[in-house]
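Colleague: Same order as they appear, the protein sequences are chains A and B.
The working numbering applies: residue 1 is where the first sequence begins, and numbers increase by one.
The working numbering applies: residue 1001 is where the second sequence begins, and numbers increase by one.
Read the hints as simulated data drawn from the structure, not as lab findings.
For glycine and all other residues, C-beta sits at the position ideal for the given N, C-alpha and C.
Any given hint could be a false lead.
Said to hold, decoys possible - With beta-carbon atoms standing in for the labels, derived distance ranges: (1) A/LYS98 to B/ALA1143: 51 to 59 Å; (2) A/ILE101 to B/LYS1054: 40 to 48 Å; (3) A/ASP48 to B/GLU1161: 30 to 38 Å; (4) A/VAL76 to B/ALA1143: 30 to 38 Å; (5) A/VAL171 to B/MET1007: 24 to 32 Å; (6) B/ASN1183 to A/ILE101: 42 to 50 Å; (7) B/ARG1172 to A/ASP48: 19 to 27 Å; (8) A/MET381 to B/THR1187: 37 to 45 Å; (9) B/GLY1146 to A/ASP48: 41 to 49 Å; (10) B/GLU1343 to A/TYR367: 26 to 34 Å; (11) B/ARG1324 to A/LYS98: 50 to 58 Å; (12) A/PRO239 to B/ALA1143: 53 to 61 Å.
Stated by the list, open to error - 25 Å max Cα-Cα, derived DSS-like pairs, lysine-lysine: (13) A/LYS105 to B/LYS1003; (14) A/LYS366 to B/LYS1196; (15) A/LYS186 to B/LYS1084; (16) A/LYS186 to B/LYS1003; (17) B/LYS1340 to A/LYS186; (18) B/LYS1084 to B/LYS1054.
Each chain, written out:
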Amino acid sequence: MNAAPVTMTLLQTCVMAVLQAICVVLFVFIIVPLTIYAERKVLGFAQDRLGATRIAGHRVGLTGWLNRGMWRMGKVPFLSYWRGLPMLVGDIAKLFLKEDIVPTKADRAIFLVAPALSLIASVVVFAAVSFYPGALFTFPKIVPIIGGLPFNGCITDMNVGLLFILGIASVGVYGIVLGAWASNSKYPLLGGLRSGAQIVSYEVPLTLSLLAPVVLTGTLNFNKMTLALATEMPLYAVPILFVSFFVYFTCGFAETNRMPFDMPEAENELVAGFHTEYSGMRFGFFYLAEYINMVVVTAIASAFFLGGPYLAPFGLHRYIMHVPFLGAPNGLWFVAKMILLLFTFIWVRGTIPRYRYDQVMAVAWKYLIPFTLILVLLAAMVRYAAPALPVA
Amino acid sequence: MFKNEEMEINMGPQHPSTHGVLRLKLRLDGEVVTKCTPCIGYLHRGVEKICENKTFFQGQVWTDRMDYTSAVANNLGWAEAIEKLFGITVPRRALYIRTMLNEFNRLASHLIWLATHGLDIGAMTVFIYTFREREAILDIFEAFCGSRLTTTAFRIGGLREDLPPGMEKMVRNFLATFPDCMNEYETLLSENRIWKKRTVGVGILKAEDAIAMGVTGPVLRAAGVSYDIRKAFPYAAYSEMDFEVPTRTEADTYARYLVRLEEMRQSARIIQQCIDGLPEGPVMAKLPKVLRSEVNEVYHATEAPKGELGYYLVGEKGSVNPYRFHVRAPGFINLQALPKMIEGGLVADVIATIGTLDVVLGEIDR
Chain A
1 MNAAPVTMTL LQTCVMAVLQ AICVVLFVFI IVPLTIYAER KVLGFAQDRL GATRIAGHRV
61 GLTGWLNRGM WRMGKVPFLS YWRGLPMLVG DIAKLFLKED IVPTKADRAI FLVAPALSLI
121 ASVVVFAAVS FYPGALFTFP KIVPIIGGLP FNGCITDMNV GLLFILGIAS VGVYGIVLGA
181 WASNSKYPLL GGLRSGAQIV SYEVPLTLSL LAPVVLTGTL NFNKMTLALA TEMPLYAVPI
241 LFVSFFVYFT CGFAETNRMP FDMPEAENEL VAGFHTEYSG MRFGFFYLAE YINMVVVTAI
301 ASAFFLGGPY LAPFGLHRYI MHVPFLGAPN GLWFVAKMIL LLFTFIWVRG TIPRYRYDQV
361 MAVAWKYLIP FTLILVLLAA MVRYAAPALP VA
Chain B
1001 MFKNEEMEIN MGPQHPSTHG VLRLKLRLDG EVVTKCTPCI GYLHRGVEKI CENKTFFQGQ
1061 VWTDRMDYTS AVANNLGWAE AIEKLFGITV PRRALYIRTM LNEFNRLASH LIWLATHGLD
1121 IGAMTVFIYT FREREAILDI FEAFCGSRLT TTAFRIGGLR EDLPPGMEKM VRNFLATFPD
1181 CMNEYETLLS ENRIWKKRTV GVGILKAEDA IAMGVTGPVL RAAGVSYDIR KAFPYAAYSE
1241 MDFEVPTRTE ADTYARYLVR LEEMRQSARI IQQCIDGLPE GPVMAKLPKV LRSEVNEVYH
1301 ATEAPKGELG YYLVGEKGSV NPYRFHVRAP GFINLQALPK MIEGGLVADV IATIGTLDVV
1361 LGEIDR
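Let the hints inform the model, and build the full structure from the sequences given.
Modeller: And the structure:
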């Protein structure tokens, strides 16, 4: 973030944006299948079983070839545990190859658009997520068009990054509600209504829990917030941030429809909830959107509450700022923290049961919202007490 | 333009948590259930009629297939009903082995109940844990009679064979590890806030309603009625066993959960007594090659894992098969309490309540 402002032509801007977008999308579409695989393996670990070890019944074709190759790994002591890796390919390939069924009574246009809306909303959020402050590297001069330009750790370093993230993330619920409504079926309808009520309710405490860091840092810029939260918070702000983190993470579970708040799907009550009528890749879009949302939630939690690219969170980083390797920002810390939080998502799913719908709503309105309001008030008091905090 | 109307949905027969092919017609006002009508019969095979056309020896294989999660308990009821009909005395060693296997079956059945009940409420890890222990029990069944699920474990007059070599070790190994496994389930569920929120006060069935509807088993005992046929009308070797009948008074889903867990502990206790005090001797009574009945009838009730399992048999003079056979299936009678327990509750409570009734459609539809 301390890089000197670089002036770019329109063409250069477009090329850089496309390049960075491709990188981020690649990152997302690599980490999401890995998360799905990790979910199987971690749940397997928690439940005293192996988890994925093969793609069932595949003996021919690409997956068959992978399966046979992986089967040989079964004889190697350490690798044998990982021989389910072709599952990554098999899962996605299955979704692509399955028949895409549109019910005759469905509202066709909306039915087709809804999954895309859900997926796009969750991917676009990454436009404002910063994995590393400033330039990762600079293109050498010999590269045409973009030679000499820096490749930044985020696509757009906009001054209202957090607002953008929250705004786009809330579009995703339209995909769910519209898809449920357009299915013209009873179980999806119930799932969609639950989902609409739940996600709208949890957006309030989620936003309020992020408001405490905003008040403390005085900015909405992603990079500036990350830096200020990691290095400039007074010690007495640590409890506020710590509690905000828990509230945010709890709301994150609800926003991504994960256990214990997976009301919209609640497979044991509503069959498959809002996506009951979906099949093939349209179901896959919803499925991917859920996991991408998980990645988004963990990315934001990692950036604002766990220090992001800075090793130590909650303003404690300033004590190790001048340590050679540990003090410097590093994209790996960011990803490592995300992985830790993703693990927590899966861990919780394997451990606790599901809330009932009315209890989910009670948690949001009766406990989380009043609680976060108090947190915002406390944050404002800290801000008043520590005028040395940065002002955007 | 806007109008309020109730929505009618079909839950089942194909639904992840209707435990087989139970179909519920639910009328929903939003998420609140205003009316619930259970529809059954999707798994009807006519077991009672089939058994009337089989000899007394052949009928037992059909009882396996009624409540397929507790085949041994079904076998026991059938064998004892016919022994009662013909006045056969079973050797004491056979009674002990029957009691032991019956209690193993209670464990297996309750483990399945805990697994599916937990899974319905979303606790998916318990599912795998309980199946791990159930696997050990099924191995014991396999060692005893060669099959795991549809056991046809007993013969009229006793047992086909004595315990196989190594069986005692299997039983003792199981008993040594089982209490720890129980603690594991309890750690995951008993004091879990969400588990309690989902089960405390849900699906209440008061004692007087339960008695009026003929509900038996853990559902009745969770309402505070200490009625267990093993104590009230002892059969097999239960009169020689020292065990307690757990009861609770809350009559809700959580109380039934606690009652069943305590029953599992008591079952382990009974198995311990059986294996420690196993008498020596033959395991089969002397029987004629063909059993020909007189004109008489018998009703024999046993405490199956789900409740009172009664077999009503009518004999015909000189006949090798029963003239009339009727099963008082506990699941069938317990199921009629379902509307009373869930009307006024939420959709999610329906799932919890089906789970807590522990219905098996093979037995209800017969």
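Colleague: Next step is simple, just say for each hint if it's right about the structure.
Modeller: Evaluated hints:
no.	hint	verdict
1	A/LYS98 to B/ALA1143: 51 to 59 Å	violated (43 Å)
2	A/ILE101 to B/LYS1054: 40 to 48 Å	holds (46 Å)
3	A/ASP48 to B/GLU1161: 30 to 38 Å	holds (34 Å)
4	A/VAL76 to B/ALA1143: 30 to 38 Å	holds (35 Å)
5	A/VAL171 to B/MET1007: 24 to 32 Å	holds (28 Å)
6	B/ASN1183 to A/ILE101: 42 to 50 Å	holds (47 Å)
7	B/ARG1172 to A/ASP48: 19 to 27 Å	holds (22 Å)
8	A/MET381 to B/THR1187: 37 to 45 Å	holds (41 Å)
9	B/GLY1146 to A/ASP48: 41 to 49 Å	violated (27 Å)
10	B/GLU1343 to A/TYR367: 26 to 34 Å	holds (30 Å)
11	B/ARG1324 to A/LYS98: 50 to 58 Å	holds (52 Å)
12	A/PRO239 to B/ALA1143: 53 to 61 Å	holds (59 Å)
13	A/LYS105 to B/LYS1003	holds (21 Å)
14	A/LYS366 to B/LYS1196	holds (19 Å)
15	A/LYS186 to B/LYS1084	violated (52 Å)
16	A/LYS186 to B/LYS1003	holds (17 Å)
17	B/LYS1340 to A/LYS186	holds (24 Å)
18	B/LYS1084 to B/LYS1054	holds (18 Å)
Of the numbered hints given earlier, the model fails hints 1, 9, 15; all others are met.
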